[in-house]
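K.L.:
Chains A and B supply the protein sequences, listed in that same order.
Going by the numbering used here, the first sequence wraps up at 417, each residue one higher than the last.
Going by the numbering used here, the second sequence wraps up at 510, each residue one higher than the last.
Treat the hints as calculated values from the structure; they're not laboratory data.
Because the structure is a prediction, the values reported are computed rather than measured.
For every residue, glycine included, the Cβ atom is placed at its ideal position computed from N, Cα and C.
A portion of the hints provided could be inaccurate.
What the hints assert, rightly or not - With beta-carbon atoms standing in for the labels, derived distance ranges:
1. Asp372/A x Asp494/B: 22 to 30 angstroms
2. Asp396/A x Ser367/B: 49 to 57 angstroms
3. Arg239/B x Ala128/A: 52 to 60 angstroms
4. Glu97/A x Val493/B: 41 to 49 angstroms
5. Pro235/A x Ala468/B: 45 to 53 angstroms
6. Pro285/A x Lys372/B: 51 to 59 angstroms
7. Ile496/B x Gly220/A: 41 to 49 angstroms
8. Arg114/A x Thr472/B: 30 to 38 angstroms
Stated by the list, open to error - Calculated lysine to any residue pairs in the SDA-like style (CA-CA distance at most 20 angstroms, straight line):
9. Lys346/A x Val390/A
10. Lys347/B x Asp149/A
11. Lys274/A x Thr217/A
12. Lys194/A x Arg507/B
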Amino acid sequence: MAELSFREAVAAGIAQEMERDPLVYFIGEDVAAAGGVFKATVGLFERFGPDRVRDTPISEQAIIGAAMGAAMTGLRPIAEIMFSDFLATCWDMIANQIAKTRYMTDGQVSLPLVIRTANGGGTRFGAQHSQSLENWAMAVPGLKVVAASNPADAKGLLAAAIRDPDPVIVFEQKSLYGIKGEVPDGEHVEPLGVAKVVRDGKDCTIVALAAMVPKAIEAAEQLSADGIEATIVDLRSLVPLDTQTILREVKKTGRLFTVEENPRLCGWGAEIASLAADEAFDDLDGPIIRITTPHVPLPAADVLEDAAMPSAQRIVDTVRKSM
Amino acid sequence: MSTQVKKPATAEIDRETRLRLYQLMVELRDFEQRAYELFLENLVRGTSHLALGQEAISAGYAVAMRPDDYTFCTYRGHGHTLARGASMAGAFAELMGRGNGMLHGKGGSMHLTDVKHGAMGSYAIVGAHLPIAAGAAWSAQVRKSGQVAVCFFGDGTTNIGAFHEALNLAVVWKLPVVFVCENNGYMEYTPIESVTAVKHPAADRAAAYGLEPILVDGNDADIMYETAQTTIAKARSGAGPSLVEALTYRHGGHSRADPGKYRPDAELREWLAKDPIKRYRERLVANRVPEAELAGIETRAQEKVDEATEEARNGAPARVDAIERQVWSDGSARWRN
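Using the sequences and the accompanying hints, generate a full structural model.
P.N.:
This is the structure:
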């Protein structure tokens, strides 16, 4: 085991796969010599050279289109979109082209590609550089969607995404880039579509994703002091969705809370709530409660942003009040 | 400096190639006419965008391409797809929503694709496939395969961002891609010059990307074939992309729903007189190709279209079990366990 930051784990995941498979190429804005604006791709350019690690112009449609054209003709490209907010500038490529071409051609075209993007708030960048957009991607059939909560998963899930035969959008929470954690030595791959129970408690089940996982863990420690023991499920992957683990953990405690960084409406938690209502209704002992950012664009000022996004304290208060 | 239309071909094109160009144009014409007849019979549902009158561009490029080169085209893509060798019956059946359609009914008229023949898809969001074609060219470049991507699009595409992003990237990365603008004068229902800052929507923009302006008569199969040879050879040699503007005309409206009444009669007459097939036939006859040989090509094309129509008509409706198939590479549509 080595201790790596989240951003170092991202670079390690890309390096591991580029080393393993010569068809893996990596493109994006400022990703090569500059090592990425979040320094998540440092050293790749030096190690793999200008052919395999290429800077692009600020042309998100060209970046994603190029990745698609390359994937359908034999490469396994990784494309970086610097901020997930910029997905809006190339959403046609993602939602209309990448997501649908395999289906529309009934399997003639395969698109083994990865779109990595820095997602979420907590960095005081304002509403156009802070959105948590995993639910956009989740809503489009044909896209796999993953988001890690720790450095080991950042490497392992990214590696699995690169090996996956289908398009995967990997959301990297900006607020997590600096956190450190143990990452297994040697080749490390975590399968897509497998949620992880990161804390076991008998009283309630909290389902969280990415940066909301450490907040849920922090909340659970406080709740424990009050005698409430929470199970925490780190979803890791929205598509495919590990419904078996979710349902099992909900049935065990009889209570379900979701913690979502995305704004309220149509956040992924609504899908989890619907799943639990459909398939675990008889095991529920109380309402399903979603803890989300309010349905607003994210404000910039630190006090506003902190108050808008779900915090450990809000999780504690919400769970306490309803238990 | 004003952009000039390139003069007619001077180099000799061999007889066999010319007959192949003629045959292909006739087949594409007959296919589109039959597709129109099938609409009238209510056998083709949804919309369809015919390329009647634009055959010289598809034929000229297809004949010049290597079998493993890539074609990317738009929703007006029946001709480009068929020109690469895709099954005519498969195309008719797809238009008719049959299970024997080339996409088993899941794509429809606007998405004809036949990867085995290098027809990498028909793209129905204007501009989207230019970056994708650049990506295929990037892949060919780094795999050192010698393949070239040829990307066809309409005049309206030159006003969308993806056009400019793709051109810039292709030049910066020196990609083996040829962008071919089929300027048929109309952006859907609107004359292109009324919504475009320059007279020649593609050729006049070439300089912005350091490219030579190439403006050619898109209704002349010889010129299109020569243009294809030159631009494909440039791409294959590693000298980078080209941007071609081929002047042509849609004999019909934008789509099935559009009778094209907004076009002045004189303009329509003028362009019908420049019909690429009619002109080419006259040229071949003038070049001492026997009338009977041309008639033979025309008869065989009609027979091919008849047979393909019959095969498509005999197909069963698309299978309902195709709905939840092929979202993913394992063939499934599964999103949960």
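K.L.:
If a hint holds in the structure, say so; if it doesn't, say that too.
P.N.:
Structure-based check of all given hints:
For Asp372/A and Asp494/B, the hinted distance range of 22 to 30 angstroms is satisfied, since their beta carbons lie about 24 angstroms from each other. Taking the beta carbon of each, Asp396/A and Ser367/B are about 51 angstroms apart, inside 49 to 57 angstroms as hinted. A hinted range of 52 to 60 angstroms is violated for the C-beta pair Arg239/B and Ala128/A, which are about 38 angstroms apart. Look at Glu97/A against Val493/B: about 54 angstroms separates their beta carbons, and that is not inside 41 to 49 angstroms.
For the pair Pro235/A and Ala468/B, the beta carbons lie near 51 angstroms from each other, so the given range of 45 to 53 angstroms is met. Remark: the range hint 51 to 59 angstroms for Pro285/A to Lys372/B is upheld by a beta-carbon distance near 57 angstroms. Distance hint check for Ile496/B and Gly220/A: the Cβ-Cβ separation is about 42 angstroms, which falls inside the suggested range of 41 to 49 angstroms. At about 57 angstroms, the beta-carbon gap between Arg114/A and Thr472/B misses the expected band of 30 to 38 angstroms.
Our distance criterion of 20 angstroms between C-alpha atoms is broken by Lys346/A and Val390/A, whose separation comes to about 34 angstroms. The suggested pairing of Lys347/B with Asp149/A holds, with an alpha-carbon distance near 14 angstroms, which does not exceed 20 angstroms. Between Lys274/A and Thr217/A the alpha-carbon distance is near 18 angstroms, which keeps this suggested pair within the 20 angstroms criterion. Proposed proximity of Lys194/A and Arg507/B is supported: the alpha carbons are some 15 angstroms apart, at most 20 angstroms.
Going through the hint list in order, the structure does not satisfy hints 3, 4, 8, 9.
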